[in-house]
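Residue numbers (my numbering), protein chains in the order written: chain A, 9 to 111; chain B, 9 to 111; chain C, 9 to 111; chain D, 9 to 111; chain E, 9 to 111; chain F, 9 to 111; chain G, 9 to 111.
Don't read these hints as lab results, they were simulated from the structure.
Ideal placement from N, C-alpha and C gives every residue a C-beta, glycine not left out.
There's no promise every hint is true.
Said to hold, decoys possible - Simulated pairs of lysine-lysine, DSS-like, Cα-Cα distance not exceeding 25 Å:
id : chain 1 : residue 1 : chain 2 : residue 2
1  : C       : Lys85     : B       : Lys104
2  : E       : Lys20     : D       : Lys76
3  : F       : Lys76     : F       : Lys29
4  : G       : Lys29     : G       : Lys80
5  : B       : Lys63     : C       : Lys104
6  : C       : Lys85     : B       : Lys76
7  : A       : Lys104    : G       : Lys85
8  : G       : Lys104    : A       : Lys92
9  : G       : Lys29     : F       : Lys63
10 : C       : Lys104    : D       : Lys92
11 : G       : Lys104    : B       : Lys63
12 : B       : Lys104    : C       : Lys92
13 : E       : Lys104    : F       : Lys29
14 : C       : Lys85     : D       : Lys85
15 : E       : Lys20     : E       : Lys104
16 : D       : Lys63     : E       : Lys29
17 : C       : Lys85     : D       : Lys29
18 : E       : Lys20     : F       : Lys76
19 : D       : Lys85     : E       : Lys29
20 : G       : Lys104    : F       : Lys63
21 : G       : Lys29     : F       : Lys104
22 : E       : Lys104    : F       : Lys104
23 : B       : Lys85     : C       : Lys92
What the hints assert, rightly or not - A few chain G residues that don't get close to chain F, going by computed Cβ distances all over 12 Å:
id : residue
24 : Asp66
25 : Asp67
26 : Asp79
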Amino acid sequence: MASVSLTVSTVKPLADRVFVKVSASEEKTAGGILLPDTAKEKPQIGEVVQVGPGKRNDDGTRQEPEIKIGDKVLYSKYAGTDVKLGGDEYVLLSEKDILAVVG
Amino acid sequence: MASVSLTVSTVKPLADRVFVKVSASEEKTAGGILLPDTAKEKPQIGEVVQVGPGKRNDDGTRQEPEIKIGDKVLYSKYAGTDVKLGGDEYVLLSEKDILAVVG
Amino acid sequence: MASVSLTVSTVKPLADRVFVKVSASEEKTAGGILLPDTAKEKPQIGEVVQVGPGKRNDDGTRQEPEIKIGDKVLYSKYAGTDVKLGGDEYVLLSEKDILAVVG
Amino acid sequence: MASVSLTVSTVKPLADRVFVKVSASEEKTAGGILLPDTAKEKPQIGEVVQVGPGKRNDDGTRQEPEIKIGDKVLYSKYAGTDVKLGGDEYVLLSEKDILAVVG
Amino acid sequence: MASVSLTVSTVKPLADRVFVKVSASEEKTAGGILLPDTAKEKPQIGEVVQVGPGKRNDDGTRQEPEIKIGDKVLYSKYAGTDVKLGGDEYVLLSEKDILAVVG
Amino acid sequence: MASVSLTVSTVKPLADRVFVKVSASEEKTAGGILLPDTAKEKPQIGEVVQVGPGKRNDDGTRQEPEIKIGDKVLYSKYAGTDVKLGGDEYVLLSEKDILAVVG
Amino acid sequence: MASVSLTVSTVKPLADRVFVKVSASEEKTAGGILLPDTAKEKPQIGEVVQVGPGKRNDDGTRQEPEIKIGDKVLYSKYAGTDVKLGGDEYVLLSEKDILAVVG
Chain A
9 MASVSLTVST
19 VKPLADRVFV
29 KVSASEEKTA
39 GGILLPDTAK
49 EKPQIGEVVQ
59 VGPGKRNDDG
69 TRQEPEIKIG
79 DKVLYSKYAG
89 TDVKLGGDEY
99 VLLSEKDILA
109 VVG
Chain B
9 MASVSLTVST
19 VKPLADRVFV
29 KVSASEEKTA
39 GGILLPDTAK
49 EKPQIGEVVQ
59 VGPGKRNDDG
69 TRQEPEIKIG
79 DKVLYSKYAG
89 TDVKLGGDEY
99 VLLSEKDILA
109 VVG
Chain C
9 MASVSLTVST
19 VKPLADRVFV
29 KVSASEEKTA
39 GGILLPDTAK
49 EKPQIGEVVQ
59 VGPGKRNDDG
69 TRQEPEIKIG
79 DKVLYSKYAG
89 TDVKLGGDEY
99 VLLSEKDILA
109 VVG
Chain D
9 MASVSLTVST
19 VKPLADRVFV
29 KVSASEEKTA
39 GGILLPDTAK
49 EKPQIGEVVQ
59 VGPGKRNDDG
69 TRQEPEIKIG
79 DKVLYSKYAG
89 TDVKLGGDEY
99 VLLSEKDILA
109 VVG
Chain E
9 MASVSLTVST
19 VKPLADRVFV
29 KVSASEEKTA
39 GGILLPDTAK
49 EKPQIGEVVQ
59 VGPGKRNDDG
69 TRQEPEIKIG
79 DKVLYSKYAG
89 TDVKLGGDEY
99 VLLSEKDILA
109 VVG
Chain F
9 MASVSLTVST
19 VKPLADRVFV
29 KVSASEEKTA
39 GGILLPDTAK
49 EKPQIGEVVQ
59 VGPGKRNDDG
69 TRQEPEIKIG
79 DKVLYSKYAG
89 TDVKLGGDEY
99 VLLSEKDILA
109 VVG
Chain G
9 MASVSLTVST
19 VKPLADRVFV
29 KVSASEEKTA
39 GGILLPDTAK
49 EKPQIGEVVQ
59 VGPGKRNDDG
69 TRQEPEIKIG
79 DKVLYSKYAG
89 TDVKLGGDEY
99 VLLSEKDILA
109 VVG
């Protein structure tokens with residue numbers, strides 16, 4: 009297997025998954041900014057950078073994703089799989105783990 | 009990703025989720041007021057400030073939310089995800105975690 | 009959020025939930041009275057004071073509640089959420105946690 | 009709430025539940041009698057004294073109970089909720105926790 | 009409740025349950041005989057002596073049992089409820105806990 | 009119950025179960041042979057010697073098994089029930105616990 | 009049972025399973041390469057080398073796999089069953105445990 013040079017554009021989430029760039033915790037501690045209840049917790053806000061094709065139903069059709077690229081989202085801190093790409097943190101989430109669009 | 013200046017109006021819950029402002033515990037310890045069995049427990053009353061579009065069925069239709077903005081609700085103390093916004097406490101709940109409308 | 013002055017009539021359970029006033033344990037230890045196997049356990053009898061609109065089916069219809077206001081009910085001691093209101097104890101239960109109507 | 013004077017005839021199980029009078033363990037240790045593998049275990053035989061209306065299907069119809077009043081039944085020792093009534097032991101079981109009719 | 013004199017023929021399993029007489033462990037340790045991996049484990053072979061009417065579907069029909077009286081069966085050692093009857097060991101199993109017919 | 013003299017041909021798996029003869033671990037440690045990640049683990053390769061009639065659907069039809077007698081299969085090491093027969097090791101598996109046909 | 013000489017081409021995953029060759033961890037620590045959050049974790053990238061026929065629906069039809077041979081995939085580190093073949097590491101995964109195609 010050849011070496012894999014990954015960029016954000018080469019990551020294609022399956023089914024109802026979305027690829028989210030985790031926001032730096034600095035910008036979340038500023039005044040008037042949504043932040044987790046406990047400052048020690050992992051970041052819970054991010055920006056959607058890739059969206060899967062949607063959950064597949066048994067009849068072959070798909071559920072249209074509710075999330076689109078560019079959405080700022082709040083997600084459950086224990087959800088998904090963390091990945092790093094070029095020094096930045098990302099998380100692969102199922103759409104159901106996204107609690108709200110926040111921007 | 010640019011800085012996110014959040015206000016209550018920018019939080020858009022997904023699916024059957026609702027965004028609830030937690031009531032200060034002071035007003036709940038007054039006489040004649042509903043309060044949790046154990047005073048040491050987390051607040052369980054709040055006011056709904058945002059409501060998601062409703063749970064999506066497999067055929068693409070949605071279940072109309074039973075909750076509306078402004079409802080005072082009683083919710084299970086272990087449910088949802090706590091968030092802070094401008095010094096106030098909020099919680100993102102699924103509608104099924106709301107036990108009763110209390111005002 | 010303004011202060012919430014709750015009374016039993018302002019509590020409106022959602023879906024298939026019922027609001028039950030817990031019977032004082034004194035009246036249950038009298039002769040000929042149903043009481044839990046272990047006297048140290050929490051009360052398990054109460055009187056229904058509010059009933060939700062019934063569980064909602066996926067097609068939007070509701071299942072008619074089997075319980076009505078005024079029913080004395082026996083319920084599972086680990087079920088529901090305890091609340092206090094004006095010095096009395098109440099519990100918010102799902103109808104499925106009610107085992108039998110006992111009066 | 010007024011005092012509740014319970015008798016067997018006032019207990020009306022909901023859905024697919026049955027109300028069972030637990031057989032005294034004495035009669036089960038006699039020769040030729042079905043008894044649990046371990047003598048120290050709780051009684052597992054009883055007589056059905058009340059039967060609920062049957063499990064309700066989503067379309068509002070009910071599943072006819074397979075058990076009738078007077079049946080001697082064998083049930084799983086960890087199932088149900090124990091209650092005492094007038095000095096006798098009873099158990100509220102779901103029909104699915106009844107393993108066999110034994111008389 | 010009168011005393012219950014049980015015989016195998018009076019045990020009527022409900023739904024998809026079967027009543028199985030546990031084979032004595034002696035006959036299973038003989039040469040050429042199927043026996044559990046660990047000799048210390050509980051017997052796992054028995055003979056079906058009673059069969060329930062079959063699992064009931066939601067529409068009221070039943071699934072015909074695949075097991076019949078007289079079948080020698082291999083069953084999962086942790087399944088079912090052990091009962092003794094006249095000095096012999098029996099087990100009440102769901103048909104799904106029977107792994108294979110072995111004779 | 010008479011003594012049961014079992015042979016492979018007398019074992020008839022129910023539903024979607026298959027009866028698999030466990031491969032001796034010796035032949036799996038040779039070069040070029042598939043073997044578990046940890047040599048200390050239980051064997052995970054075997055040969056199918058009996059196949060059940062297939063999983064029964066609610067309407068009475070069956071799902072045709074994907075596995076046939078003679079298939080070499082890789083299966084999850086924690087799946088199924090171990091049995092011994094004439095000194096050899098066998099395992100009764102559900103078809104869903106078979107990961108791949110390997111020969 | 010004769011000895012089994014396995015090669016990648018003889019491994020035929022069942023249902024919705026895929027057979028994946030695990031990427032060497034060396035190539036994943038290079039600059040600009042996707043790598044797990046914690047360097048100590050097991051590799052989570054691999055190349056699909058075999059694909060099963062797809063998950064079977066109850067009516068006998070199959071869900072077409074979304075993955076094809078040659079895809080580079082990111083998968084959950086706790087998913088699947090590890091196997092070794094000719095000195096290389098492989099993993100048998102269900103398609104639902106594949107998070108994204110990454111090349």
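Exercise for the section: May I ask which of the numbered hints given earlier this structure violates, with the numbers listed in increasing order? Expected result: Result: hints 6, 9, 16, 18, 24, 25 break, sorted rising.
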